[in-house]
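Full structure from sequences and hints, please.
Take the first sequence: its position 484, counting from 1, is numbered 484 in the numbering used here, and each next residue is one higher.
The set of hints was computed from the structure by calculation and includes no laboratory data. Just so you know, even glycine gets a beta-carbon here, dropped at the ideal spot from N, CA and C.
Here are the simulated SDA-like pairs of lysine to any residue, each with C-alpha atoms no more than 25 Å apart in a straight line: (1) Lys-733 / Ala-659; (2) Lys-837 / Gln-859; (3) Lys-654 / Asp-779; (4) Lys-342 / Pro-271; (5) Lys-654 / Pro-603.
Between beta-carbon pairs, the in silico distance windows are: (6) Ser-401 / Asp-627: 22 to 30 Å; (7) Thr-471 / Gly-567: 41 to 49 Å; (8) Ser-348 / Pro-848: 50 to 58 Å.
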Amino acid sequence: MTDTLPTRMADLPAQWLPGEVEAAMYERWVAAGYFTADATSDKPPFCIVIPPPNVTGSLHIGHAFEHTLIDILVRRRRMQGYDTLWLPGMDHASIAVHALVERALEAEGTSRRELGRAAFIERTWEWKAEYGGAILAQMRRLGDSVDWTRERFTMDEGSNRAVLTMFKRLYDDGLIYRAERMVNWSPEMRSVLSDVEVEHKEVDGELVSMRYGDGEDAIVVATTRVETMLGDTAVAVHPDDERYTHLVGREIELPLVGRRIPVVADEHVDPAFGTGAVKVTPAHDLNDFEIGRRHHLPMPTVIDETGHIANTGTEFDGMDRFEARVAVREALRAQGRIVAEKRPYRHSVGHAQRGKFEPIEPRLSLQWFVKVGPLAKAAGDAVRSGDVVVNPKELEPRWFSWVDNMHDWCISRQLWWGHRIPVWYGPNGEVVCCGPGEQPPAGYAQDEDVLDTWFSSGLWPFSTLGWPEQTPDLAKFYPTSVLVTGYDILFFWVARMMMFGLYAMHGVRPFDTIALHGMVRDQHGKKMSKTVGNTVDPNLWMDTYGTDATRFALARVANPGTDAPIGDDNVAAARNFGTKLWNATRFALANGASPALPLPSAPTDADTWILGRMREVTEQVDALLEDFQFAKATEALYHFTWDELCDWYLELAKPQLAAAETADGTRAVLGHVLDVLVRLLHPVSPFLTEALYQALTGAESVVIAPWPLTKGPDAVGVPVDAGAATRIADLQKLITDIRRFRTEQRVPDRRRVAARLIGLDEAGLGAHRAALAALVRLDEPEAQFARTATVEVALSGAHTVVVELDTSGAIDVAAERARLGRDLAAARKELEQTERKLGNPAFVAKAPVPVVEDIRGRQAAAAADIERITARLDALPA
RNA sequence: GGGCGCGUAGCUCAGCGGGAGAGCACUCGGCUUACACCCGAGCGGUCGCAGGUUCGAUCCCUGCCGCGCCCACCA
Numbered sequence: 001m002t003d004t005l006p007t008r009m010a011d012l013p014a015q016w017l018p019g020e021v022e023a024a025m026y027e028r029w030v031a032a033g034y035f036t037a038d039a040t041s042d043k044p045p046f047c048i049v050i051p052p053p054n055v056t057g058s059l060h061i062g063h064a065f066e067h068t069l070i071d072i073l074v075r076r077r078r079m080q081g082y083d084t085l086w087l088p089g090m091d092h093a094s095i096a097v098h099a100l101v102e103r104a105l106e107a108e109g110t111s112r113r114e115l116g117r118a119a120f121i122e123r124t125w126e127w128k129a130e131y132g133g134a135i136l137a138q139m140r141r142l143g144d145s146v147d148w149t150r151e152r153f154t155m156d157e158g159s160n161r162a163v164l165t166m167f168k169r170l171y172d173d174g175l176i177y178r179a180e181r182m183v184n185w186s187p188e189m190r191s192v193l194s195d196v197e198v199e200h201k202e203v204d205g206e207l208v209s210m211r212y213g214d215g216e217d218a219i220v221v222a223t224t225r226v227e228t229m230l231g232d233t234a235v236a237v238h239p240d241d242e243r244y245t246h247l248v249g250r251e252i253e254l255p256l257v258g259r260r261i262p263v264v265a266d267e268h269v270d271p272a273f274g275t276g277a278v279k280v281t282p283a284h285d286l287n288d289f290e291i292g293r294r295h296h297l298p299m300p301t302v303i304d305e306t307g308h309i310a311n312t313g314t315e316f317d318g319m320d321r322f323e324a325r326v327a328v329r330e331a332l333r334a335q336g337r338i339v340a341e342k343r344p345y346r347h348s349v350g351h352a353q354r355g356k357f358e359p360i361e362p363r364l365s366l367q368w369f370v371k372v373g374p375l376a377k378a379a380g381d382a383v384r385s386g387d388v389v390v391n392p393k394e395l396e397p398r399w400f401s402w403v404d405n406m407h408d409w410c411i412s413r414q415l416w417w418g419h420r421i422p423v424w425y426g427p428n429g430e431v432v433c434c435g436p437g438e439q440p441p442a443g444y445a446q447d448e449d450v451l452d453t454w455f456s457s458g459l460w461p462f463s464t465l466g467w468p469e470q471t472p473d474l475a476k477f478y479p480t481s482v483l484v485t486g487y488d489i490l491f492f493w494v495a496r497m498m499m500f501g502l503y504a505m506h507g508v509r510p511f512d513t514i515a516l517h518g519m520v521r522d523q524h525g526k527k528m529s530k531t532v533g534n535t536v537d538p539n540l541w542m543d544t545y546g547t548d549a550t551r552f553a554l555a556r557v558a559n560p561g562t563d564a565p566i567g568d569d570n571v572a573a574a575r576n577f578g579t580k581l582w583n584a585t586r587f588a589l590a591n592g593a594s595p596a597l598p599l600p601s602a603p604t605d606a607d608t609w610i611l612g613r614m615r616e617v618t619e620q621v622d623a624l625l626e627d628f629q630f631a632k633a634t635e636a637l638y639h640f641t642w643d644e645l646c647d648w649y650l651e652l653a654k655p656q657l658a659a660a661e662t663a664d665g666t667r668a669v670l671g672h673v674l675d676v677l678v679r680l681l682h683p684v685s686p687f688l689t690e691a692l693y694q695a696l697t698g699a700e701s702v703v704i705a706p707w708p709l710t711k712g713p714d715a716v717g718v719p720v721d722a723g724a725a726t727r728i729a730d731l732q733k734l735i736t737d738i739r740r741f742r743t744e745q746r747v748p749d750r751r752r753v754a755a756r757l758i759g760l761d762e763a764g765l766g767a768h769r770a771a772l773a774a775l776v777r778l779d780e781p782e783a784q785f786a787r788t789a790t791v792e793v794a795l796s797g798a799h800t801v802v803v804e805l806d807t808s809g810a811i812d813v814a815a816e817r818a819r820l821g822r823d824l825a826a827a828r829k830e831l832e833q834t835e836r837k838l839g840n841p842a843f844v845a846k847a848p849v850p851v852v853e854d855i856r857g858r859q860a861a862a863a864a865d866i867e868r869i870t871a872r873l874d875a876l877p878a
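Here's what the structure looks like:
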């Protein structure tokens, strides 16, 4: 036996292809230019734009998951003859980078403020270069077939031009404005956050009721943020609330501060909640801000940008907001003004999603906004009209609820890392917005703030293709084909790309399909988190089980829009699968299999059956991948390979290879099926399949091999032959039943048993005598044959094969009785069920004829089984 | 409060109108010349509960119980 594939079992206990082999393959693919797209070719385009991770310095499992799914799509399209372009843009993720760099600086004993703006930015570039290189290497290792030559960074020159162009256009169209609004303020970042960056979470707080005013003027209000009372400028009640009509319009004294504040009537107040009276802090609460606007109240800011009390003229100035909460409460208590306290009081508080997850502070401040109305409307309409498809469709309502109710988008950030807002202020209050190449008049000062990360990220589908230049890439690859991302990022990124794409590209969608995947979870379906310690490192999996196994395992749990639970066991199973395929191919090659051989003109049933299944599976996998059903496609390949090809065809092939008249045909079929299988598997497990494909075919690379077709002259496999399929199914049943008998009779696996097969020809299985003998270790009966046991197997078409065995000795009657007893019970259950149905006149009258016929057939078979098994039981010695 | 979804074998999940499935785990037997990362056989489920539609419901409808996620300015 000559192996053309090495047996790696001995030297590589963990995985088939060591990292160096994978790396060498990857280099070869890159050098051969397989990953390079050509905008001038006439091949159809397939383009995916994606942000690689570039923040933590290590490939996160979520990114490994997403990249695997994208690469599967891209590799399949490449094999189909598309010009594939997987364009990596580099995310600058300003807030996260800012937070991480600040932390790094803190560890070095310095700070952003000490460094100054220019030095901070320089330090950030260094930091990103350090981590960026590491992460790119890890992504290449994952096998991503990315065109790295077109890598774009969102803060490079081209990106800056795109951002400036976009900002200027929106500004000139009146879609960007500056206003003083209630914003989500992060005291830690000292920056504003957009609505989507705020995560509401239930926390145990306190609800404190306190009395404002005295005597007749007394009115009780409640709050969860006592410290904000320092900024109160009114108390509001419902206009129809008779309890308070006498107070409306009067002024009462604000405790601790001593300011006189009015009692106002406002529809917003719910008279049924609490006392029906609300304290109003217009500068630190959105509702209060609206009330303040309606009643022209002053709006003093009493919490500064660092989260400390300020400008109240009280002893609380300079106190942290949480310290002040306690201090103010106790001061009020000292005055006897605390009426009630509820603690703990569960309520929802907004937290900064990035950074340290601290509670955000609503705060009135001057910021830049994108007027989102017309943009969001277009984004909704694009999906409504079917121009853009959301997959899976169940997530569409989420999309609509978001884009149809979007608030204006706050785009300014008080950070130093990011695109700076291109607006300059003149000495006399002039405001100019400068586009690319434009210079502000001398003496003007640029706005200090930078843009939200998602402003530049929203431009990716076209900025990475060269926009605003009219490049060949842009002409060919826009709109891009599909956006693959997690549902968690639908609003952050996808919505922004959609709005900006439709706006900048004159109504042309940025992508045809939004394919949403779920989040990777641990093996128990729990969310992965660093604090719980259930995170997994894809690099560790690649070390332990190999890249292909890691990719296969990830794909195998990827159902659209659904979370993907995965653990070591899944990856080990995927590794085992690769091993199985590897060994099957070794066996085939050692026996001279080759796809170059002509398929046999007189195929056996097994040949016809496996070739028919090959075509079916190809059709299935192709359709499933087209529909982003990665898990099902992978599952189909797994079961075809293991349960059908390896467990049955390979075993049936052994006697065929031993017989001269079928040997060549078997070699051809084996070669053909493995060739197709390896090509179908390549998008999922690229490295393993490259090795196998080259060994099988001697061709240059599976990366550029044709994707298997099921139609036309190059269709793989053969059309399904029902006759062959039935005969193989019968053969399998026969073999399984005899094996079951052997196991239960404790006939040693290795021992050959003489057997007489009756009715084999009548059942159409005459040709399979040799296979049967080989697979269940039967010998031809000889002169001294003495039947000691009989196994009867009911097959299709009312055929029964009787197997008389000479087990040379008494059989275990009890075991045989138990086996037949189980069969009898099953048959009786079947008979009972079918008779119940057939006994129902309504069923016979109303059910479709084929269904009734099917039940009749099953009833007859069950009845025959019972008779046969009963007779067999009776014949057993007592 | 609104929206989406989920409760199926010990665990994680497919199936979604006519005979209960997979992977892992478990039991028993095997180093059978591709593979012990393996082979063979097996155990294991009133398909959350209650109604309804239907000849027929794990599958469709309604309600309930339990759970998850997203959105939402109620002090």
